[in-house]
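S.K.: Just so you know, the sequences run in chain order A and B. Residues 1 to 641 (the numbering used here) make up the first sequence, in order. Residues 1 to 191 (the numbering used here) make up the second sequence, in order.
Worth flagging that the hints you see were computed from the coordinates, not collected in a lab. Just to be clear, a hint being listed does not mean it is correct.
As the list claims (entries may be wrong) - Each computed BS3-like pair below joins lysine-lysine, with the alpha-carbon atoms no more than 30 Å apart: (1) Lys-178/A <-> Lys-221/A; (2) Lys-63/B <-> Lys-536/A; (3) Lys-138/B <-> Lys-74/A; (4) Lys-388/A <-> Lys-80/B; (5) Lys-77/B <-> Lys-446/A; (6) Lys-138/B <-> Lys-536/A; (7) Lys-55/B <-> Lys-196/A; (8) Lys-377/A <-> Lys-96/B; (9) Lys-196/A <-> Lys-124/A; (10) Lys-49/A <-> Lys-63/B; (11) Lys-536/A <-> Lys-84/B.
Said to hold, decoys possible - Just some of the chain A residues that point at chain B, by a computed CB distance under 10 Å: (12) His-367; (13) Asn-370; (14) Ala-465.
Stated by the list, open to error - A few chain A residues that don't get close to chain B, going by computed Cβ distances all over 12 Å: (15) Val-180; (16) Tyr-226; (17) Glu-349; (18) Leu-378; (19) Ile-409; (20) Tyr-422; (21) Val-428; (22) Val-444; (23) Ser-491; (24) Ser-503; (25) Lys-536; (26) Asn-547; (27) Thr-574; (28) Gly-615; (29) Ile-626.
Glycine residues also receive a C-beta, built at the ideal position from the N, C-alpha and C atoms.
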Amino acid sequence: MKKYISLFFLSSLFSAEFDYNASIISNFGDNYDFYSYAENQLNLNLFYKDIEAWVQYEYSNPPEIGFTMNDIRKFRIEYSQDDYTVKLGDIYEIWGRGLVLNQFDDQSTNFDNGIRGLFLGYEKGPLTLNHISGNAEIWNFGPDLRTPYYNNSHNVIANHIQYDWASYSLGVSQLLSKEVHQKVFGSDAYVNHSLKGIHGSWTLNNADIYLEYVDKISTEKLNLLYDGPHDSLKTGHGFYGNMNFYFGNFGLSTEYKRMAFDVGHSDFTADDYGNRIAFQAMPTLGREQNSTLLGRVAHQFNFNDERGVQISLNGTLLNVNIVSQYAHLSRNEEWQSLTLFNWINSSIEGYLPSSDPSALPYWENYHEINGYHLNDKLYFKLGRGENKDILKTLRYFEGEGISVNETWIHTDSTEWQDDWVYLDSSLVGVDTFVYKVESKMWQVSKAITYPLELSYSFNNGYNLAINFEYQEQTKQNISKGNSKLYSTSDSSWTLINPDNPDSFFVQKDNLFSYGTKQIDTQINRLVSLTIGNASKWSITFTHDQTNAFSGPTTIDPFYNPLEAFIYGDLKYFTGKRNKIDPPGFIQNRWVSMEVAYNLTSSQRISILYGSLQGGLYCSNGVCRQIAPFNDGIKLSYSAIF
Amino acid sequence: MYDTIVYNSPKLIGHIMKKYTALILLFLTVSVFASEIEKKQIIPDLKVKLMDGQKVTIHELLKDGPLLIDFWATWCKPCKKVMKHLNQYHLDYANKGFKVLMINQDSPRSMGKVKTFIRSKKFDFLIGLDPNQKLAKKLNGLIMPTLILVAQDGTIQWRHQGYMPGEEKEIEYQIRLLLGLESESLENNKL
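Given these sequences and hints, build the entire structure.
M.R.: The structure is reproduced here in structure tokens:
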């Protein structure tokens, strides 16, 4: 099949009847950690009358993340005439705001929920009808940060109808999927998912509103030999609302979400299935950050069990742009640990998110001013972002304990050879003492970040830009209450001071350290300096520094000339340094230099040399940990033609 | 290992050359012919949904004059920097039938903020919505910002990826060149 596709595309290229465009993206990288990759992608689009075709060829051995490939990765042929559209191949669609279907192929996180199959579309005036049927192979990461491990196969049928009036819009959608779900333990699960959604919008002069709701039912085939109906597994729903208001130079956006496809007091794993499926990529209600340090403290959104609100203001005052944003999210349930392993949940009252640590709340706010001055030559940006994230709860109980004291009297007994032989006793009184028990422990991360940017354009085409980001972060285990342990032998929480149940304590343990030393506050500083000549080239030096790690302290065993140059270490260049036993001041710092050159206006090449810290990277609500890149070279080339 | 990778960069380059000869040849071919290919291409007549709810096609937008297409997102820093200049060109050359079409690629995650961002800035250019990058894939606008300048007859005159402060002069020069307001002889001095 792929051979025919290749032949079709190659022959089309030589036909004068075809219009086409293409792009190439190539990335190579290698460093001392054997973190090498070579990935190349060629995208080719062909247009001939009512036919459009797309093919993506990938030669990656290996890619930065994902599977090694030397083949046609994606293809699609589309035919449109009058009001009809037919597509065959890799389908990517979005309906509403994605509560039922939002498909994308994000190579930066290796997330791809495209369906290979058939799309039928009809669009006449205000009416739109869509049908999709096909199969999808969706991969998720397991223990390896670079190669996907868990596979979910879906066989999908989906339909969507939308009607657009002048200022109103209404749509309904349905998606049915038969999934073969790979689990952590045990054999694959066979799950059927049924989703029904509705969305609508209303636009006014100074306001607009958007609402979307989806209802989901999943069933599981427990007995593979029996061809009867599936057993019911999980039910859930999702709601998203967005209201925008416009006044003068300001716009206010308010959003609300409630995703309730499952419940959990900790992270979900591949063994939690039957809940939200990967086609559902809905709004997350967090700011999509463009600051490196803010990106590293991003919240890991939970698509199965999360509710929240977000308010953001955009405006202009005295030629200064103002951005202000606030979000508060939490799980849908509050949790109590009756024992260390037995957790029970209770629904949060009302519709708003909870602030109780057991509901894993998250808060963020971001404020920024930016603008141009000096005849638009100087651009400035100053921001302040604050995040507070309850990452997990290790125990969380608040209730009562009862201490029982019994009083006995001894009567009618017999003494023989100094021993009491018969001892009659009777219970004459029971004293109970009820006391408060609290045993809580949760992990919290707090960060304050200040991104600053200044750039100046000179008349001769040169420009200079400085980015500086400063961040203070704390990460602590907070213990609170009058008990730390649960005793399984007498089924009770053991008080730290049984003689005084009112001995309450609060303890904060810092989770940042450097070597063996505990550090209260992690301080991160990122500085980058860019010098460029517009449309031609640019050179960027980046210096990233921290003073503490939340995991093991990383050790950079090599000393490269760029590091020596940045720190002005003459000993390095005079041969007085041992390059494999570097001085202490290069540790916990990552230095890199990138040179970018525009070969033409549509071709760009860049070379990076040095080290990058890595860390959490999120895109479209999908996050992954990027491994550090140490003392290596990255080469990138991109072209559109 | 360190020595082989970091200090023997020529060895790494040699390794890449050996392993990817075919691809490197392809890139070189592209480099040589890219400028020639560009001028022959006709932009496809793709459907665009505008932020105000209207549905248009690219060829319909070309009826009055040339069009500059730019792909952007609210989280893209250089995209927001170039917008101010593009809005100015949209206004300055409107009498020549010139338009700027800004195609937004925000995912549903930040789509709610697109309207408030645009309306608070009071931008006049046209805003297209492309939340799952259908148009970006068909026009190779996945790297943001990507600018595509299209003549009234539909031929693609110029493409550009990325934005550095100062490049707005080059963008304006290309627009003026297309509108016949700039001398062609200066083109050789530009990228």
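S.K.: If a hint holds in the structure, say so; if it does not, say that too.
M.R.: Hint check results:
1. Simply put, Lys-178/A and Lys-221/A have alpha-carbon atoms about 10 Å apart, close enough for the 30 Å limit, and the pair holds.
2. A C-alpha spacing of about 33 Å is found between Lys-63/B and Lys-536/A, which places the hinted pair above 30 Å, so the restraint is violated.
3. Distance restraint check for Lys-138/B and Lys-74/A: the Cα-Cα separation of roughly 13 Å lies within the 30 Å cut-off, and the hinted pair is therefore satisfied.
4. Between Lys-388/A and Lys-80/B the alpha-carbon distance is near 28 Å, which keeps this suggested pair within the 30 Å criterion.
5. Note on Lys-77/B and Lys-446/A: the hinted pairing holds, with a Cα-Cα distance of about 25 Å set against a maximum of 30 Å.
6. Annotation: proposed proximity of Lys-138/B to Lys-536/A holds, straight-line Cα distance about 26 Å (limit 30 Å).
7. For the suggested pair Lys-55/B and Lys-196/A, the alpha carbons sit about 27 Å apart, so the restraint of at most 30 Å is met.
8. Between Lys-377/A and Lys-96/B the alpha-carbon distance is near 28 Å, which keeps this suggested pair within the 30 Å criterion.
9. Pair hint Lys-196/A plus Lys-124/A holds up; C-alpha atoms about 24 Å apart against a cutoff of 30 Å.
10. Proximity of Lys-49/A to Lys-63/B is assessed by CA-CA distance (about 19 Å); at most 30 Å being required, the pair is judged to hold.
11. Only pairs whose Cα atoms come within 30 Å are accepted, and Lys-536/A paired with Lys-84/B is accepted, the gap being roughly 22 Å.
12. Residue-level restraint check for His-367/A is violated (minimum Cβ-Cβ distance to chain B is 15 Å; threshold 10 Å).
13. For Asn-370/A, the interface hint holds, since its Cβ comes within 10 Å of a Cβ in chain B; the closest pair sits about 8 Å apart.
14. For Ala-465/A, the interface hint holds, since its Cβ comes within 10 Å of a Cβ in chain B; the closest pair sits about 7 Å apart.
15. Even its closest Cβ contact with chain B, about 25 Å, leaves Val-180/A beyond 12 Å, as expected for a residue assigned away from the interface.
16. Every C-beta of chain B lies more than 12 Å from that of Tyr-226/A, the closest at about 40 Å, which supports listing it as non-interface.
17. At the 12 Å boundary, the C-beta of Glu-349/A stays outside the reach of chain B, the nearest C-beta of that chain being 26 Å off.
18. Under the 12 Å C-beta cut-off, the non-interface status given to Leu-378/A relative to chain B is violated; the minimum distance is some 9 Å.
19. No beta-carbon of chain B is positioned within 12 Å of the beta-carbon of Ile-409/A; the least distance is around 73 Å.
20. In this structure Tyr-422/A is separated from chain B by more than 12 Å, as the shortest Cβ-Cβ distance comes to about 80 Å.
21. For Val-428/A, the non-interface assignment is confirmed: its Cβ lies about 69 Å from the closest Cβ of chain B, beyond the 12 Å cut-off.
22. Taking the minimum C-beta to C-beta distance to chain B, about 25 Å, the non-interface status of Val-444/A holds against the 12 Å cut.
23. Its beta-carbon lying about 46 Å from the closest one in chain B, Ser-491/A satisfies the requirement of being farther than 12 Å from that chain.
24. Remark: the non-interface label on Ser-503/A is consistent with the geometry, its nearest Cβ contact in chain B lying 47 Å away (cut-off 12 Å).
25. Against the 12 Å criterion, Lys-536/A falls within the reach of chain B, whose nearest CB is about 7 Å from its own CB.
26. At the 12 Å boundary, the C-beta of Asn-547/A stays outside the reach of chain B, the nearest C-beta of that chain being 26 Å off.
27. No beta-carbon of chain B is positioned within 12 Å of the beta-carbon of Thr-574/A; the least distance is around 17 Å.
28. Interface exclusion of Gly-615/A from chain B stands, the closest Cβ pair being 18 Å apart, more than 12 Å.
29. Listed as outside the interface, Ile-626/A is consistent with that label: its C-beta sits roughly 18 Å from the nearest C-beta of chain B, beyond the 12 Å cut-off.
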